[in-house]
Amino acid sequence: MSSFHTLSLTELAQGLRARRFSSVEVTGSFLERIERHQGTLNAFISITREAALAQAAAADRALAQGTGGVLTGVPIAHKDIFCTEGVRTTCGSRMLDNFVSPYDATVVSRLKAAGAVTLGKTNMDEFAMGSSNETSFYGPVKNPWNTALVPGGSSGGSAAAVAARLAPAATATDTGGSIRQPAALCGVTGVKPTYGRVSRYGMIAFASSLDQGGIICASAADAALVLREMAGFDPKDSTSVDAPVPDYVGELGRPLKGLKIGLLKEFFEKGLDRAVEQRIREALAIYEELGAQLTEVSLPHLPLSVPVYYVVAPAECSSNLARFDGVRFGHRCENPRDLQDLYRRSRGEGFGPEVKRRIMTGTYVLSAGYYDAYYLKAQRVRALINEDFIRAFKSVDVLIGPTTPTPAFELGAKTSDPITMYLNDIYTIGANLAGLPGASIPCGFVGELPVGLQVVGPHFSEARVLQVADAFQRQTDWHTRVPKAFA
Amino acid sequence: MSLTREQLASIAALARLDITAAEAPVYQASLSSILDFIGALDAVDTASVKPMAHPLPGLSQRLRPDEVTETDHHEQYQQNAPQVASGLYLVPKVIE
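Quick note, the sequences are listed as chains A and B, same order. All letters in the first sequence, in the order written, are residues 1 to 487 by the working numbering. All letters in the second sequence, in the order written, are residues 1001 to 1096 by the working numbering.
These aren't lab readings, by the way, just hints derived from the structure by calculation. Be a bit skeptical, because a hint or two may be false.
[What the hints assert, rightly or not] DSBU-like, lysine-lysine: derived pairs with alpha carbons at most 35 angstroms apart:
{"hint": "1", "chain 1": "A", "residue 1": "Lys394", "chain 2": "A", "residue 2": "Lys484"}
{"hint": "2", "chain 1": "B", "residue 1": "Lys1050", "chain 2": "A", "residue 2": "Lys270"}
{"hint": "3", "chain 1": "A", "residue 1": "Lys260", "chain 2": "B", "residue 2": "Lys1050"}
{"hint": "4", "chain 1": "A", "residue 1": "Lys270", "chain 2": "A", "residue 2": "Lys414"}
{"hint": "5", "chain 1": "A", "residue 1": "Lys236", "chain 2": "A", "residue 2": "Lys112"}
{"hint": "6", "chain 1": "A", "residue 1": "Lys265", "chain 2": "B", "residue 2": "Lys1093"}
{"hint": "7", "chain 1": "B", "residue 1": "Lys1050", "chain 2": "A", "residue 2": "Lys394"}
{"hint": "8", "chain 1": "B", "residue 1": "Lys1093", "chain 2": "A", "residue 2": "Lys260"}
[What the hints assert, rightly or not] Have a look at the derived ranges for each label pair, beta carbon to beta carbon:
{"hint": "9", "chain 1": "B", "residue 1": "Ala1013", "chain 2": "A", "residue 2": "Ala373", "range": "31 to 41 angstroms"}
{"hint": "10", "chain 1": "B", "residue 1": "Glu1067", "chain 2": "A", "residue 2": "Asn146", "range": "51 to 61 angstroms"}
{"hint": "11", "chain 1": "A", "residue 1": "Ala368", "chain 2": "B", "residue 2": "Tyr1077", "range": "29 to 39 angstroms"}
{"hint": "12", "chain 1": "B", "residue 1": "Leu1014", "chain 2": "A", "residue 2": "Glu288", "range": "31 to 41 angstroms"}
{"hint": "13", "chain 1": "B", "residue 1": "Pro1065", "chain 2": "A", "residue 2": "Lys265", "range": "42 to 52 angstroms"}
{"hint": "14", "chain 1": "A", "residue 1": "Glu277", "chain 2": "B", "residue 2": "Glu1006", "range": "27 to 37 angstroms"}
The beta-carbon is built from N, C-alpha and C at its ideal position, and this holds for glycine as well.
Model the full structure from these sequences, guided by the hints.
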């Protein structure tokens, strides 16, 4: 059988448990697809064929003995921001081109424990800083719907891999939209959990008060199955929240009658592509048919979320990336004259332009005399944005709107002006600033390009967000569409 | 606001980043436009607002008991090091 990629992750997991096919067959088939399309899409940085087949063989033995877990034998990919023991972990940077992680991230070890097989590491914007995957040291990922276009970022490799069905699921991270925006641009389902829900241990840090790991799959039902294994308390992450993880799969299928959906007034104002807006309105009509009530709500401070983000995220990045000093691991320059020269040239050579830009922005806003004016000011406005969300969730259950203002854009179209690039995340950043869970699901097309619908809920409402996303996917088939070249 | 060449050089020095002469004007322009962009925050009255330090209300960093939980992995970790000798990381001479 060579059509494993046409099955959902849930169907693959069930088929493996019922031993209708083996993990070696399934894994081999996905590896073959990854290798065949790597030249076109560049979705992977490392393909771990041998290790994957060995893990698959072990999974088959476990399945034969009846000791398999929920995901035993299911092949998945990891964003190259997650440390994988014995496997190169680059974070899309020249700085870590030679770095072989000595340990597994908690996300990786949890999914291994659930039985998942690792196919390889997906391409990404360097240190997750980008919205188009064009800042990767390993070259941009191409959008499977049109290879002249970007897949979005920073989890562009994970989104493209799932869209082209090179993997049934791929881990991802979201600091300002890096799961939801590429999911929208590639026509797949991306889930960013509440801050603290999924362990950040072994997830290379960018902005520690915003970073959150999550998952990209074809559907919300698949995402629920994987997230249930990924989520939960981890003593190794001091920001991990010690709260029980609901059965995300078991919670699916509840009727939406009476659900109160908030439409963010600010998301439907200037800048939103008319055709994208049309798809979002059509999706909202489906929710009304399902019995949900729509109410317009306003978050007056939300338009300030992008400037707040571009103070807070670079500030935290400049601090987190100070560890890359050319001494203990990572890139080191040739023939350093002295220690300062070693630091400056190793970092100057090892980091790409966007990372350097953000480190310098962060260094400036944190430097003596500017801390109050920029960083503290931004944290105050962040509190106002957070209060706006809390107020909104007193009257509605979830917020629904577009994930991005436009569908995918051309490679190179926005690389010359950082501000234009930053504005791609205008609808997604708010959830990161407030630590809220969110998802993007496909809700139709503009021409040949997918459009993403965003669902955001209160803290720890992943079960509700997944339910709302899944209910839509039970009524529509947008999430089953695959670009022709990869069908 | 517009950053001068000297200001850019001082930021790069603080950040321990070597910036080439060719790169400098590009960063000068883009950092200046980013600072203009984030300047939008000045217009908001935040006099009575407490700055937000943690995305989850009421939570702060958890502490753990001061116990040894890690075992010795230095040989494994040093396999990623650019230069080591006798279990030590080597850097250029700091003290003459």
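Cross-check of the supplied hints:
no.	hint	in the structure
1	A:Lys394 <-> A:Lys484	violated (44 angstroms)
2	B:Lys1050 <-> A:Lys270	holds (31 angstroms)
3	A:Lys260 <-> B:Lys1050	holds (30 angstroms)
4	A:Lys270 <-> A:Lys414	holds (19 angstroms)
5	A:Lys236 <-> A:Lys112	holds (17 angstroms)
6	A:Lys265 <-> B:Lys1093	violated (60 angstroms)
7	B:Lys1050 <-> A:Lys394	holds (21 angstroms)
8	B:Lys1093 <-> A:Lys260	violated (66 angstroms)
9	B:Ala1013 <-> A:Ala373: 31 to 41 angstroms	violated (21 angstroms)
10	B:Glu1067 <-> A:Asn146: 51 to 61 angstroms	holds (55 angstroms)
11	A:Ala368 <-> B:Tyr1077: 29 to 39 angstroms	holds (34 angstroms)
12	B:Leu1014 <-> A:Glu288: 31 to 41 angstroms	violated (54 angstroms)
13	B:Pro1065 <-> A:Lys265: 42 to 52 angstroms	holds (49 angstroms)
14	A:Glu277 <-> B:Glu1006: 27 to 37 angstroms	violated (47 angstroms)
Of the numbered hints stated above, those contradicted by the structure are hints 1, 6, 8, 9, 12 and 14, listed in ascending order.
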